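With the hints as extra help, turn the sequences into a complete structure.
Counted the way our numbering counts, the sequence shown spans residues 38 to 421.
By construction, these hints were calculated from the structure, which means they are not laboratory data.
Note that this is a predicted model, so its numbers are computed, not measured.
No false leads were slipped in.
Here are the simulated distance ranges between beta carbons:
(1) Y209 x T391: 18 to 28 Å
(2) L65 x A247: 34 to 44 Å
(3) L402 x I378: 21 to 31 Å
Every residue gets a Cβ at the ideal spot worked out from N, C-alpha and C, and that includes glycine.
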Amino acid sequence: MNEMAKRANPVRNMGLGLLQEWPLLVNLATTLVFLVYGQNLLADLSHPVWFTLILTWLLLTILFSLFAVVRHAESLAEKLGEPLGTLVLTLAVTGIEVMIIVAAMSTGKGSPTLARDAMFAVIMIMLNGMVGLTLLIGGLKYKEQDYNLQGANSFLAVILPLAVIGLVLPNYTSSSPDQTFSSIQAAFLMIVSVALYGIFLTIQNGRHRAYFRVARQTAETKDAKRKWRIAHEVRSFPYHVLLLLAYMGPLVILTQHLAVPIDFTIRVLGAPVALAGFLIATLVLAPESLGAVRAALTNDLQRAVNILLGSVLATIGLTIPAVLAFGLLSHKPIILGLDPIDMTMLSLTLVLSTITFSSSRTNVLLGAVHLLLFFAYLMLIFQR
38 MNEMAKRANP VRNMGLGLLQ EWPLLVNLAT TLVFLVYGQN LLADLSHPVW FTLILTWLLL
98 TILFSLFAVV RHAESLAEKL GEPLGTLVLT LAVTGIEVMI IVAAMSTGKG SPTLARDAMF
158 AVIMIMLNGM VGLTLLIGGL KYKEQDYNLQ GANSFLAVIL PLAVIGLVLP NYTSSSPDQT
218 FSSIQAAFLM IVSVALYGIF LTIQNGRHRA YFRVARQTAE TKDAKRKWRI AHEVRSFPYH
278 VLLLLAYMGP LVILTQHLAV PIDFTIRVLG APVALAGFLI ATLVLAPESL GAVRAALTND
338 LQRAVNILLG SVLATIGLTI PAVLAFGLLS HKPIILGLDP IDMTMLSLTL VLSTITFSSS
398 RTNVLLGAVH LLLFFAYLML IFQR
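This is the structure in structure tokens:
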């Protein structure tokens with residue numbers, strides 16, 4: 038009946054589709070305002086009310102746009118199928134993350150540790166906070182949940198070496214000072230990271246695509262997908278691709294302006310430097326995190342695993358090469374080596390993740406332990 042109604046009213050249907058894209062109008066209007074008046078709007082952020090207004094305006098505009106990006110990525114996922122659909126979402130969010138980091142470091146006052154802090158925050162948020170939350174709520178609702186163990190192990194097999202090489206090894210190299218890589222080391226890591234990620238994508242979307250799917254969908258998952266199709270109309274492939282790009286294009290400009298109040302918060306208000314990385318990660322990961330929680334609630338843990346582990350892998354495999362390339366081209370120092378406390382937290386997280394994803398069934402206990410590590414990370418941002 039719904040399909041017949043849609044076909045009978047194409048004009049009304051198109052009007053409703055355009056009405057649904059109101060965040061794009063907000064996105065474009067905000068971008069235009071900041072292009073013309075951005076320098077004046079951001080000239081003096083010392084007044085708390087003005088600072089709060091500007092920061093809230095930019096954050097909400099970017100957040101609404103991110104959720105719209107997710108909506109179109111989910112429509113593409115419906116057309117492309119898993120795991121390619123989730124990959125579109127992951128790459129889009131990772132691209133936005135890179136844009137924000139590079140924009141913040143291009144201001145001339147950005148911290149050389151911003152990229153490191155943001156990537157470490159992504160690992161802590163996704164592997165501890167969101168993995169813990171999804172396993173906890175899934176376990177409370179369904180007691181145990183299933184996923185494809187081979188897919189999770191494939192993710193971790195690439196995440197572990199890249200995380201250690203990228204975020205731990207710089208502390209022990211002697212070719213360059215201050216937890217950085219030399220030019221040769223940076224070039225090597227860029228090549229290795231991109232190559233490994235490329236090999237993983239070939240495996241994920243080629244001969245071993247079945248690793249990232251479940252053999253049989255649960256009744257809850259089928260019902261959730263049916264309801265999603267009723268609430269969201271999937272249009273043509275070019276339609277969703279063009280709108281996804283339309284949302285992401287202005288974000289390049291908005292993220293450059295967002296870097297100013299973030300930098301102001303760290304420098305003037307005396308906030309911990311690592312807080313900037315956490316804020317960036319929280320902003321860009323919000324839509325993916327919501328998608329992972331929805332998947333867990335509908336007993337689709339496989340999709341949650343693809344989103345969470347895929348986001349971490351894309352961050353390490355793509356963000357590290359991107360910021361290293363930016364550092365080499367701009368001659369800015371890029372500090373990637375973690376402090377001893379953060380290295381300890383990273384080690385605990387990687388070991389715990391390996392244990393968690395060593396069995397194809399999860400429960401509440403594993404989720405609670407991951408959440409404990411996440412809360413410890415939050416505490417350590419403010420109290421070392």
